[in-house]
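Dock chains Y, E and P against the given chain U, drawing on the hints supplied.
4 protein chains.
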Amino acid sequence: MSDVRKVVLAYSGGLDTSVILKWLQDTYRCEVVTFTADLGQGEELEPARQKALALGIKPENIFIDDLRETFVRDFVFPMFRANAIYEGEYLLGTSIARPLIAKRQIEIARATGADAVAHGATGKGNDQVRFELGYYALMPEIKVIAPWREWDLNSREKLLAYAEKHGIPIEQKHREGGAPYSMDANLLHISYEGRHLEDPTAEPEASMWRWTVAPEEAPDTPEYVELTFEKGDLVAIDGERMRPHELLAKLNELGGKHGVGRLDLVENRYVGMKSRGCYETPGGTILLKAHRAIESITLDREVAHLKDDLMPRYAALIYNGYWFSPERQALQALIDFTQQTVNGWVRVKLYKGSVMVVARDSATDSLFDPTIATFEDDRGAYNQKDAEGFIRLNSLRLRIAAKLAAKRRR
Amino acid sequence: MSDVRKVVLAYSGGLDTSVILKWLQDTYRCEVVTFTADLGQGEELEPARQKALALGIKPENIFIDDLRETFVRDFVFPMFRANAIYEGEYLLGTSIARPLIAKRQIEIARATGADAVAHGATGKGNDQVRFELGYYALMPEIKVIAPWREWDLNSREKLLAYAEKHGIPIEQKHREGGAPYSMDANLLHISYEGRHLEDPTAEPEASMWRWTVAPEEAPDTPEYVELTFEKGDLVAIDGERMRPHELLAKLNELGGKHGVGRLDLVENRYVGMKSRGCYETPGGTILLKAHRAIESITLDREVAHLKDDLMPRYAALIYNGYWFSPERQALQALIDFTQQTVNGWVRVKLYKGSVMVVARDSATDSLFDPTIATFEDDRGAYNQKDAEGFIRLNSLRLRIAAKLAAKRRR
Amino acid sequence: MSDVRKVVLAYSGGLDTSVILKWLQDTYRCEVVTFTADLGQGEELEPARQKALALGIKPENIFIDDLRETFVRDFVFPMFRANAIYEGEYLLGTSIARPLIAKRQIEIARATGADAVAHGATGKGNDQVRFELGYYALMPEIKVIAPWREWDLNSREKLLAYAEKHGIPIEQKHREGGAPYSMDANLLHISYEGRHLEDPTAEPEASMWRWTVAPEEAPDTPEYVELTFEKGDLVAIDGERMRPHELLAKLNELGGKHGVGRLDLVENRYVGMKSRGCYETPGGTILLKAHRAIESITLDREVAHLKDDLMPRYAALIYNGYWFSPERQALQALIDFTQQTVNGWVRVKLYKGSVMVVARDSATDSLFDPTIATFEDDRGAYNQKDAEGFIRLNSLRLRIAAKLAAKRRR
Amino acid sequence: MSDVRKVVLAYSGGLDTSVILKWLQDTYRCEVVTFTADLGQGEELEPARQKALALGIKPENIFIDDLRETFVRDFVFPMFRANAIYEGEYLLGTSIARPLIAKRQIEIARATGADAVAHGATGKGNDQVRFELGYYALMPEIKVIAPWREWDLNSREKLLAYAEKHGIPIEQKHREGGAPYSMDANLLHISYEGRHLEDPTAEPEASMWRWTVAPEEAPDTPEYVELTFEKGDLVAIDGERMRPHELLAKLNELGGKHGVGRLDLVENRYVGMKSRGCYETPGGTILLKAHRAIESITLDREVAHLKDDLMPRYAALIYNGYWFSPERQALQALIDFTQQTVNGWVRVKLYKGSVMVVARDSATDSLFDPTIATFEDDRGAYNQKDAEGFIRLNSLRLRIAAKLAAKRRR
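Protein chains in written order, with full-length UniProt numbering: chain U, 1 to 410; chain Y, 1 to 410; chain E, 1 to 410; chain P, 1 to 410.
With the rest of the complex left out, here is chain U (with noise of 0.2 Å):
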């Protein structure tokens, strides 16, 4: 065990983080800074002050932080600029909110003098690859303590009776055997693991879901929805600007009314094994939807061709938690270059689970020419006589082979 003097714990002031806290204290006999955000979970945060202060963490030591902004405007809506989705379904609701998290560790760290950060995430999943990437990241040399892959803990008895003899108090909920599903949420999603759903065969519980009401409970009549982007981010809907957090707070409301956004997968995890997942990402589904749209005409097709080649490797990097890598900003350098012209609105129906696009338009960046596309007579715009000469040419490498193919037959 190493030496640590001081260490920035991401606290959310649940049991599993309260049990961190106490264990950290104990088993480094070190001082434990906490750090609580909020990231539009929609959590009350102030009872995570009190928590840590019956815990004996010193008033200048605990740190609350609305992140909320930032979140959306420098983490989220860069991705969204992107398209990304991993494995062809997932928005990457968490994946994107752990470097922001482990940002602020490492500023407080800076700030408070700590020489460690610690999380509560365990050692199977994604998360844990994610906070520290971003820890050592931003700064190498910080010691990094993972309780779960440390103490002997490994079950809910063991955890439940650390936190009894510590004096931690423990909710109802989990004397009567905790959550029923593990969760994760944020101003992006909400996701649910674990539990009944480790069985890749069972329908989600109506009940799991928190963030959407059921397609089938969703209103009758469809609603029309207006999104203004400027450079590839969302500035206002239904021509209200807003700030960059409250325009995906608005977006989650309306897809939530609507059942949008509910997803059900099983993904691959970037240490190694299959797990499955269920997520609500109500405003983030019609955001992607509606930011496709209006890149489809105003971006160039072999700029938009590009970005879809180079799109699952953008996700895979920040599912995998390479968020502060140089590779990935060198992709949104990219990215961003292409977003220049992505100016215009789009208007989208939601409708009992579903986004659909009904209209598009930029009145400064539309690439989208109807005097040439037109069925009807175009006044010359367009010599349908060069497709000649365009297939002649494109076809001339099949022609050559087929020649020879034929050849060699005879």
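Hints in this document: simulated from the structure, not taken from any laboratory.
Treat the hints with care, as some may be off.
No copy is singled out in the list; a pair is fine if it fits within one copy or between any two copies.
As a list, the in silico BS3-like pairs of lysine-lysine whose alpha-carbon atoms are at most 30 Å apart [unchecked claim]:
hint : residue 1 : residue 2
1    : LYS289    : LYS349
2    : LYS349    : LYS257
3    : LYS407    : LYS22
4    : LYS6      : LYS407
5    : LYS58     : LYS407
6    : LYS173    : LYS257
7    : LYS407    : LYS143
Quick look at chains Y, E and P alone, frame taken from chain U:
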């Protein structure tokens, strides 16, 4: 005008290709062979025979083929093994049918000793490219006639006047202004382009859609469907084995009933312009979702990512008409190699326009290992301590760079 | 034949473009503006002025520009940041010069109020595409005249007869059959195509090569050269800072002396055919090798791999003439982003046709850390035990699959 | 320390693996099986048997196999079909040998009922990863012992002391400081790392290189060699058919004589650090050049580009040790598919360190069509006018964007 002796025309029996038939006879003074394919577009084909006869085609020069099974087994299914989507949205329903038509035309040309082929696609679209790349790849010396690029019948009025003059029967709808949209249908989809849709801000009229009910009109009760896959191909629905085209027809019926598979987008054509299109792909939408789900438990992570990285390229090849190219075949060799283990079943829930995967399993090939993924005690199946070394080495390059950056700042 | 008022011709002063000049005057009855560029091809340009005057071009319509510095700084160097090679071998010497010529022609067209541009590239090659894509990207309404695709002077005899008839001076070499090869030269390379080379089994004659001595004739003593890089660009040779084109000229001199940079290959043209070409790129060959070497110690691994993955695509864009396309610019944004840390020096050894890197270092940006890499005791800089977890988790998916395969076999 | 009954050790007979042998016996108290492979490293293997016997290994536990043919046919040649190069330079000589050793070790483990395998690679290098990924992919339950990560013999002194103490014979060279470099050799290459080379600014000593003469010492007369390929594999040299390993040995002899294939570079290891390495790959350097040349006339352009795009990924997989992974196999399926037409011959010229292709042809599969490529009159094989339409449509998106940009500027 080059010398043509006998031409095989892709003939639908409609007004346009009837005018083309006549125009070919008049312009090239050549024998015309008509070819009409059943690709599941849902139209009677026998009327095409009567029309061809009426236009003077010899009975032995009229070819009407049911290509539905070939279409789905040898074109649609191989494409779905790749999870192909063009520009994030389009399921390539028209693109995948053209090569088969081209192939059959060439076979008929060989069988009848024809020296030319003709099609009814315009000089602005993708279909001319898809047809002609197919022709050239299969019979490089063939003469290709694309009347829309040659003649001067470049308005509806001129076309009708020509038909009138040559005694080609004109249905009432044409006199009233013709179809409100340009449509193309086959077992995979129906597409709409032109007219009203040329304004990308105009939502399609409700009356346009033909294959799917509006989600608003779909049943109030969700329906569960189970799809069984073998080597990446659908082989049974709800346990009932059917032939490929029967399976896709069944999925279309199910999807259509639940309003699944409508799409409204602006896409980038190979000839260089953007165009608005609307599509209904009810069965294909379900199939893609389910195929990804069965892959999610049977494919290795890196294989899945490799496929994802290559998918946009594969999709663009098909969109652009390169089905018979060696690069498509090389990619297909890779894709087919990966599908050996893609065996199992997927359960989806259809409801008012949405498809949700709720369960998936494989008796023989599941790589999902609950003993490793579990949040509970795994009895040593996975050593959480391994994660530390994994993260330490994955971060090594980041740590070295961060140390250098810190030194540089000093 | 469309109406043309004034045309800017890319004019070398040679026989072919002199005939074109005359043909343009006769055929289009338009004013001709000549543009002759010094790209370091090593020819006197003033004779071109005399010839243009003799053909009746007004003095104010004759443009002769020294573009050497721009060429190397704004075209060659950005391309070398990408380590661009086409089809594993070709350093893109001709490809990279065409966009600059096109750009300058368009500038002159704007300055002189011309409504057309013309070039002397044939209808079979890549250069026509590179010129014209440049023209269209920079001035979409410009009229492009490509005489080789229009006229009927499609044999050497007809061309000479035309020249004779119109009083265009014909050098003796043309009367004797013309140049044995089609050549193109600029500061980056000289290329040879055609004639004897059209047989891909025929070795080029020793007399063909112009810029490099035969390795057999090169000095018997190796020469060491040190190249200094800043942000990925060469800035000094053996410690002497020079301007970009001076540096490349110096490298050409060094490489030429030691027989470096000869290449004989069959390449795939954009228009669809294969063609044999020979190239001498003495300076470029040294530069590429050295640039990779300085990157080897200053670039992050994943950034380097990302660049390698994208390089063939970038090279094909340049080969095909898409320098002014948004996708090339987006890739350049990524590439340039990565070059911020590419600072340092490289020592190479030149000897009888080969370039070998023997040393490289960076005072500010070396990521090479001997304390970690050492085979000797590293005093704890690297914990070898980390490798176990790294391997265990990287193999997890392979182990799961192998277990399943074993179970299946049973 | 886990329980081990019998371990198969990759045993070279040298000091290090002899110490490991003894250490395994002492530490694990287990039976040791030795495996020594002839991969063409050019060393006698029988001394390894004597040493093993002397260290108490039972005769039936000593395996000495000649794997040269398998190595070249099933590992080297498939890799060369891909034109694999790591980081633009390295021909993967060590990387490609490790999987075969791992495979044979596992076969021996199965044959002898061993429950563990061991190797002599350190915890800092790539080889540990390559060995162990192989072991785990082929026998996931195997116990892996990597002594260099476990023991405390982490200096040369301790190792010698251990050998001395246990009666392991120590050659004089070890007493004098050991080999000046860490070396690895097989039929494809010999590599040098460590010591003097740990300074990336220090040129290797002339005495280091073992397989190639210095270019300065190479013959003054160039030598021409003709290589014949079938399905992408070398089958004959100068018309003489030989077995794969004989062919590679012959190429090594030719390359070595002419000073071909020396390389000095800094590479990025999979474990995260940069390291300096020098390599001699005489035959491989010739083979790669020739393979690209035969592909240049027999492969379709887009297939060649697809291979180029995927090559760095394939090379990294091999470098990182993923030979037995499904993603490498999927890529191989694509690559092998493309090689069906790669038949023909290539003539290269070897001279003082350089390899130059001077001729190439294929009687059956050449796609080079001189009637089309010719600068002379092609009698209509190619219609130059086609190029206009080709360029017009390829530039359409650029023209639309340029028009929009012009409008925006106004």
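**Study point:** Identical-chain pair category, LYS6 with LYS407, by Cα at 30 Å
**Key:** between (79 Å within a copy, 24 Å between copies)
Point to revise | Intra- versus inter-subunit Cα pairing at 30 Å for LYS289 with LYS349 | key: So LYS289 and LYS349 pass the 30 Å test inside a copy (11 Å) and across (21 Å) alike.
Exercise for review: Measure nothing new, just compare the shortest in-copy and cross-copy C-alpha distances for LYS407 and LYS143 to 30 Å and report within, between, both or neither.
Suggested key: between (70 Å within a copy, 19 Å between copies)
Practice item. Measure nothing new, just compare the shortest in-copy and cross-copy C-alpha distances for LYS58 and LYS407 to 30 Å and report within, between, both or neither. Key: Answer is neither: 86 Å inside a copy and 33 Å across each miss the 30 Å cutoff.
Practice item. First find the shortest C-alpha distance between LYS407 and LYS22 inside one copy, then the shortest across copies, and answer within, between, both or neither for a cut-off of 30 Å. Key: Intra 81 Å, inter 36 Å, cutoff 30 Å: neither.
Review point. Between the shortest in-copy and the shortest cross-copy C-alpha distance, which are at most 30 Å for LYS349 and LYS257: within, between, both, or neither?
Key: both (13 Å within a copy, 20 Å between copies)
Review point. Is it within a copy, between copies, both, or neither that the alpha carbon of LYS173 lies no farther than 30 Å from that of LYS257?
Key: within (28 Å within a copy, 43 Å between copies)
Hints 3, 5, counting from the list given before, are not met by this structure.
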